[in-house]
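K.L.:
Sequence:
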Amino acid sequence: AEGYQVLKLKLADADGKPQPMAQWDGQILVINYWATWCPPCLEEMPAFSRLHEKYSAKGVTFVGIGIDVPDKIRHYRDSAKISYTLLVGGMNVAGTSAELGNKHQALPFTAVFNRQRELVAVKLGRWMEADLEREIQAALARTDAGTHGVCEACGEAISPARLEALPMARQCVPCQERV
989 AEGYQVLKLK
999 LADADGKPQP
1009 MAQWDGQILV
1019 INYWATWCPP
1029 CLEEMPAFSR
1039 LHEKYSAKGV
1049 TFVGIGIDVP
1059 DKIRHYRDSA
1069 KISYTLLVGG
1079 MNVAGTSAEL
1089 GNKHQALPFT
1099 AVFNRQRELV
1109 AVKLGRWMEA
1119 DLEREIQAAL
1129 ARTDAGTHGV
1139 CEACGEAISP
1149 ARLEALPMAR
1159 QCVPCQERV
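Okay, so the sequence shown: first residue is 989 according to the numbering used here, each after it adds one.
In short, the hints are calculated from the structure, not lab data. Predicted, not measured: the structure shown is a model, and the values here were computed from it. It cannot be assumed that every hint is accurate.
What the hints assert, rightly or not - The calculated label-pair distances, taken between Cβ atoms and stated as ranges, are: (1) 1162 / 991: 32 to 42 Å; (2) 1165 / 1080: 19 to 29 Å; (3) 1092 / 1166: 16 to 26 Å; (4) 1069 / 1162: 13 to 23 Å; (5) 1165 / 1057: 21 to 31 Å; (6) 1047 / 1080: 38 to 48 Å; (7) 1104 / 1068: 23 to 33 Å; (8) 1083 / 1166: 20 to 30 Å.
Unchecked claim - DSS-like cross-link-like pairs, simulated, lysine-lysine; straight-line CA separation at most 30 Å: (9) 1069 / 1005; (10) 1046 / 1111; (11) 998 / 1069; (12) 1060 / 998; (13) 1111 / 998; (14) 1060 / 1111; (15) 1111 / 1042; (16) 998 / 1042; (17) 1069 / 1042; (18) 996 / 1046; (19) 1042 / 1060; (20) 996 / 1111; (21) 996 / 1069; (22) 1060 / 996; (23) 1060 / 1091; (24) 1005 / 1042; (25) 1069 / 1111; (26) 996 / 1042; (27) 1111 / 1005; (28) 1111 / 1091; (29) 1091 / 998; (30) 1046 / 1005; (31) 1046 / 998; (32) 1005 / 1060; (33) 1091 / 996; (34) 1069 / 1046.
For each residue, glycine too, the CB sits at the ideal point set by N, CA and C.
Could you build the full structure based on these sequences and the hints that come with them?
P.N.:
Below, the structure written as structure tokens:
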């Protein structure tokens, strides 16, 4: 599953520091191809920042690959207060999205990889915050050892013990007790 070219890249961030994608091995990785001249890209990035802040402690990392020049990427990052790493990629880097299903290399394009570097979700066009959050929660639930469910109320993983006792459980114990 490590055959994807984007996962082998080492790109400079907006400040010129080389960032190997391998540094995020073992994390759920959300990679977003974007550009400052792409209005839908700019519209979804503040939501990506919120999700990055919400889930980074659980091992979810967002990385933006800007198909743009460093100055414009840096300016947008600072003005929009983007909380996740923004890397600088050229058109050749945009081509790495083709093997993820973006055959026309259109923007924005976002890919979600699980901890084993399997591609679990992609979206061409703007990804609405709630829809992407559901994908993140599902990826977290699938990777939590022994856990096969996500609470429909709060999005936390349902404990293996609860699932063993109630295989069809739809809520975690704290949410169930609130009912």
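K.L.:
Each of the hints needs a verdict: does it hold here or not?
P.N.:
Each hint tested on the structure:
For the pair residue 1162 and residue 991, the supplied restraint of 32 to 42 Å holds, since their beta-carbon distance comes to about 41 Å. For the hinted restraint 19 to 29 Å between residue 1165 and residue 1080, the CB-CB distance of approximately 54 Å leaves it violated. Hint check: residue 1092 to residue 1166, Cβ distance near 47 Å, so the stated range 16 to 26 Å is violated. Separated by about 32 Å at the C-beta atoms, residue 1069 and residue 1162 break the suggested range of 13 to 23 Å.
At about 53 Å, the beta-carbon gap between residue 1165 and residue 1057 misses the expected band of 21 to 31 Å. Between residue 1047 and residue 1080, the C-beta spacing of about 30 Å breaks the proposed range 38 to 48 Å. Range check, residue 1104 to residue 1068: about 32 Å between beta-carbon atoms, so the 23 to 33 Å window is met. As the Cβ distance of residue 1083 to residue 1166 is approximately 49 Å, the hint placing it in 20 to 30 Å is violated.
Between residue 1069 and residue 1005 the CA atoms are separated by roughly 19 Å; this keeps the pair inside 30 Å, and the hint holds. For the proposed pair residue 1046 and residue 1111, the alpha carbon gap of about 22 Å is at most 30 Å, so the pair holds. A C-alpha spacing of about 24 Å is found between residue 998 and residue 1069, which places the hinted pair at or below 30 Å, so the restraint holds. A C-alpha spacing of about 20 Å is found between residue 1060 and residue 998, which places the hinted pair at or below 30 Å, so the restraint holds.
As the CA atoms of residue 1111 and residue 998 are separated by approximately 23 Å, the hinted pair is consistent with the 30 Å bound. At roughly 24 Å between alpha-carbon atoms, residue 1060 and residue 1111 fall within 30 Å of each other, so this suggested pair holds. Taking the CA atoms of residue 1111 and residue 1042, the gap is near 21 Å; set against the 30 Å cutoff, the hint holds. Restraint check: the Cα-Cα separation between residue 998 and residue 1042 comes to about 26 Å, which is no more than 30 Å; the hinted pair holds.
Under the criterion of a C-alpha separation no larger than 30 Å, the hint pairing residue 1069 with residue 1042 is consistent with the structure, at around 15 Å. The straight-line distance between the Cα atoms of residue 996 and residue 1046 is roughly 23 Å, inside the 30 Å bound, and the hint therefore holds. Pair hint residue 1042 plus residue 1060 holds up; C-alpha atoms about 26 Å apart against a cutoff of 30 Å. As the CA atoms of residue 996 and residue 1111 are separated by approximately 21 Å, the hinted pair is consistent with the 30 Å bound.
Restraint check: the Cα-Cα separation between residue 996 and residue 1069 comes to about 27 Å, which is no more than 30 Å; the hinted pair holds. Between the alpha carbons of residue 1060 and residue 996 the distance comes to roughly 25 Å, so the proposed pair stays at or under 30 Å and holds. The hinted pair formed by residue 1060 and residue 1091 meets the criterion: a straight-line CA distance of about 26 Å does not exceed 30 Å. A hinted pair counts as satisfied when its Cα atoms are at most 30 Å apart, and residue 1005 with residue 1042 qualifies at roughly 25 Å.
Pair hint residue 1069 plus residue 1111 holds up; C-alpha atoms about 23 Å apart against a cutoff of 30 Å. Of the supplied pair hints, the one linking residue 996 and residue 1042 holds, its CA atoms being roughly 26 Å apart against a limit of 30 Å. For the hint pairing residue 1111 with residue 1005, the CA-to-CA distance comes to about 28 Å; that is within 30 Å, so the pair holds. Simply put, residue 1111 and residue 1091 have alpha-carbon atoms about 12 Å apart, close enough for the 30 Å limit, and the pair holds.
Taken as a hint, the residue 1091 and residue 998 pair is honoured in the structure, with Cα atoms around 22 Å apart against an allowance of 30 Å. Proposed proximity of residue 1046 and residue 1005 is supported: the alpha carbons are some 25 Å apart, at most 30 Å. For the hint linking residue 1046 to residue 998, the alpha-carbon distance of about 24 Å falls within 30 Å, and the restraint holds. In summary, the hint linking residue 1005 to residue 1060 is supported, as the alpha carbons are separated by about 16 Å, within the 30 Å threshold.
Annotation: proposed proximity of residue 1091 to residue 996 holds, straight-line Cα distance about 19 Å (limit 30 Å). Pair hint residue 1069 plus residue 1046 holds up; C-alpha atoms about 22 Å apart against a cutoff of 30 Å.
The structure does not agree with the numbered hints 2, 3, 4, 5, 6 and 8 stated previously, though it agrees with the rest.
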